[in-house]
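Add chain R to chain Z, keeping to what the hints say.
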Amino acid sequence: MKFLRQLFMLSAAIGLLGAGSGAALAAEPAKPKEAPKDIVLKGDAKCTTCHDEADAPEILRIGKTRHGTTADKRTPTCTSCHGESEKHTNHKGSDKPPKPEITFGKNSKNEASARGEACLTCHQGGKRIHWQGGVHANQDVTCTSCHKIHTAHDKVRSKDAQAEVCFTCHKEQRTQISRPSHHPIPEGKMNCTSCHDVHGDNPKMMAKFSVNDTCYTCHMEKRGPFVRTHQPVQEDCSICHNPHGSTITPMLKARAPFSCQECHEPTSHRGNVASMQTTTASTSTNLIARGCLNCHTQIHGTNNPRSDTSERTFRK
Amino acid sequence: MNTLLIRTIPVSLMAAAVAMAFVPKRAIAADDIDAFTKPESSVTVGVGNINHDNRYFGQYSGMHKDGLYGLLDVNIAKRNEDTGTWLLINGRNLGLDNLDFRAEHARQGDWGYFLDYSQTPRRDPLEIKTGVTEIGNSTLRMPTPYPNTNGVEENLKTIRKTTNLGFSKILSGGFDFQVNFRNEEKDGSRLFARGTTGATGGFEFTPEPINSTTRIFEGTLGYTADKFQLTGGYVGSFYNNHNPALNFTNSPAAGAGSGFGTFNPMALPPDNQSHQLFVNGGYSLSPTSRASFKFAQSRVTQENNFVLAPAAGIARSDLGGQIDITQAQASFTAKPLPKLSVLANVRYEDRDDETPVVKYFTAPAATATTDGNNEPRSIRTLAGKLEASYLLPMGFRATGGVEYDEKTRNTSAVRAVSFRRKTEENSYRLELRRSLSEELNGSVAYIRSERDGSNWQTTVLNNGTTGSNLVAPLHLADRTRDKIKVKFDWAPIDPLSFQFVFENSDDDYGSNQGRRNGLQDGRATLYSLDATWTISDKWKTSAWVMSTDTRATQRTCEAATSAGVCPNTLADPIWEADLRSLGNALGFNLQGKVSSRIDLGADFQYSHDKMKYGQTSVTVGSTVPSDLPNTYYKLATTRLYGTYALEKNSSLRLDLVHLRQKTDDWTWQNFTYSDGTRVVRKPSESTVFIGASYTYRFN
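These protein sequence lines map, in sequence, to chains Z and R. So in the working numbering, the last one in the first sequence is 316, and the numbering has no gaps at all. So in the working numbering, the last one in the second sequence is 1015, and the numbering has no gaps at all.
Excised from the complex, chain Z in its bound form (with noise of 0.2 Å):
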């Protein structure tokens, strides 16, 4: 080792004798040091210098994405978020430098309001009118929570991976989704913003203003008006059904007869015990098969104008 160092210093004594030498000869001038490049998006040399392929080759990946469209003038670049970062970018030493001005990760030091305001200075219209106002705003829930910016598949806006994202925080719904009776959310079909606004102040998150009227984006046979009509129906479909998924088909939180007993005086045959009788035509069979609704299938509402026994409750 000691041997090889001795080589090593008499290689660089000599090397540096070589250039002394040869400045001394040619008396060229020393050429201007050639400003960084930028990799992706315009003045990101000012940090890609350092976070280049080799550092941080997922950084790069932006490029693949919408904010890395550069011949769209809109489009950011690295300080556009982060803020000039001059400290970080001054950093001397060799010991770690102080972070970005702005930074997402799980350990950021910037309040989410301040994360929330990056991307809102872009991002403020159109669906996102309402974020400050909604309960994710004010639960420091920020864009970055769920949204990956730097890379071209953000989990979050795909339908069939969008959920395991929202279930970082909403345990329930988790296990609610792959119940029996279900939304096809697993399956990929649906997923969690089909009837959310995550971005929205609405009451629930709901799409739409209210639950009905996000129901009836998919369900509209369900809209009416009818003949007759069912007050809760009219009212808030979730007052019956859990949309998150049910062991009751369909989504139902709880089955018949309970569910209708806990509106319905307990005359006639209302108040009969949950029996499980199978025999057809009668009032008592109320727990097997549909339950009530072997009966009275048109829960939600009857156009039939004719007669007021069977229109009248739902049977037509």
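Take the hints with a grain of salt, since some may be wrong.
Selected chain Z positions facing chain R (Cβ under 8 Å, derived; list incomplete) [said to hold, decoys possible]: (1) K42; (2) E53; (3) R66; (4) G125; (5) T175; (6) Q261; (7) P266; (8) P305.
I should point out that these hints are in silico values taken from the structure, not numbers from a laboratory. Just so we're clear, the structure is a prediction, and the values are computed from it rather than from any experiment. A virtual CB, placed ideally from N, CA and C, is assigned to each residue, including glycine.
Frame of chain Z; chain R shown alone:
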């Protein structure tokens, strides 16, 4: 690839892994930078096999039958770097019933248009044997002989075929314009019935034919400036049912099954349409304060011809249904002090049902719970919220808030359930949160909601007398709800983190002016623990367990008189149902890189839901009723997958998926429809899927 079965690793991640596998970190050539910075496309082809029919897992998956399936996914992303013009083509499950396809062409920051087509199948998991024929048509043929217990197997299924078209343009001066059109065709049949009492009646299996078109058209004009944003436009939505009625042939003329004479035809959902004008806006008053509003005016109409003419003397051929809806909201958020945030909003919705009131049912009985008139339902909602949040030392934030929700409804002169014109709910929330720590973050919140309302209005029979008033409907009843939410995120060391969630909610339903039946109380509890461990640069694992317990107690009377007197005898007791749903679930995931070419992953999820139906008598001495049998559902899903990088831009993937479900649900047990139809819910199902696919990626 099929999400339920495979849950693909996102192509981008796979591509990145493969690229890194072939490109040493310190030797990335300039050309290779494109691999990190330019949009990437991929095509995946493969083949998969399912071992046998799977009714439960095949509900929406498009792969319900056993056998081989071709797998084809396409993901094309091209960008013209000079103009910023994108061409995006995305196809998933192509060739299967549940396919998704989208094509988009857009110059970013200027214009764009897209076409989106999607199919959503749904196959009812129930096994049905029936003699009813012409299922799916608007006229069902009832079986001969009646009943027929030797019917053929039928599968009830629907499919939605949805097409979306859209165009957007960014105009000058901060304006932009969007139009979207959605057309959905829904076809098939679903479980339905007709039922009536009496020796010649019963419950018949009469699947509803579904053949409808739903269209939604939306046009939006937007304006965006630094401080002020505005959008406004029109939404029209139209429902057209091509089967307005369900008819029957071959019903028995006498004897069993002949009692349904007046149940032919049955009305099916009528056409309806809605037109809405809306405007949303927001204005940033200062860097820390903002006001926003929304306003919409809609009209819903339903003028479909009746399937049967009303009784003689009623000069209407349709309902003439009309609902005018006004929706408005104003919000204000501000940070008056660096540490103080406030939020206030007020919401208003008036759903005014203007449908003409007509006495359609001309001669209801004196004790009927209708006077024969149709009953338009109007409801007006007024809600408000005020919340303040203050940043305390050490990164703690304290939040307090109040919410008010008032609903006002109309009713009819004669009614079947107790009624409340107005309900008011006040909610109070206190929360302590810490969210800026590197190791331990969390929140504790307590919410109390109190709902009451105006005086109860009794039920009224057609002869004007007061009916039974023993039940307070669940959405109108006095209710006190206490809810606590606790959440902790703990990262003791950088690669290891835990998340714990506890929630408990207690409901207590009040006396409701003597309406002692109906819901009594309820409770919902949830525990959840997640752990994530990044073992190394190459391996990562996560696991979670969860437990839920939801309970409700409700009470009713076996046979009250029409005047609402409960006999409270041994034969006709007051009885109580104790409903409980217990859920336990866990999950485990492992992902790793075995070598520069091989990635492996495993995913396991298990859930066990148990329902308990306790029934007890409140009447002293009565042994009626007895508990109902418990039911359970167990689901276990195991997924194993591996990818092998063939080249820098291609890979092979193998998937092995095992799905198992078990239940002892007795819902359809020992039940036969009057017409002889039998319905069976399979008690268990075990499905194995094996798939192999090849992915080619290119820039």
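> Which earlier hints can't be squared with this structure?
Replying inline: 1
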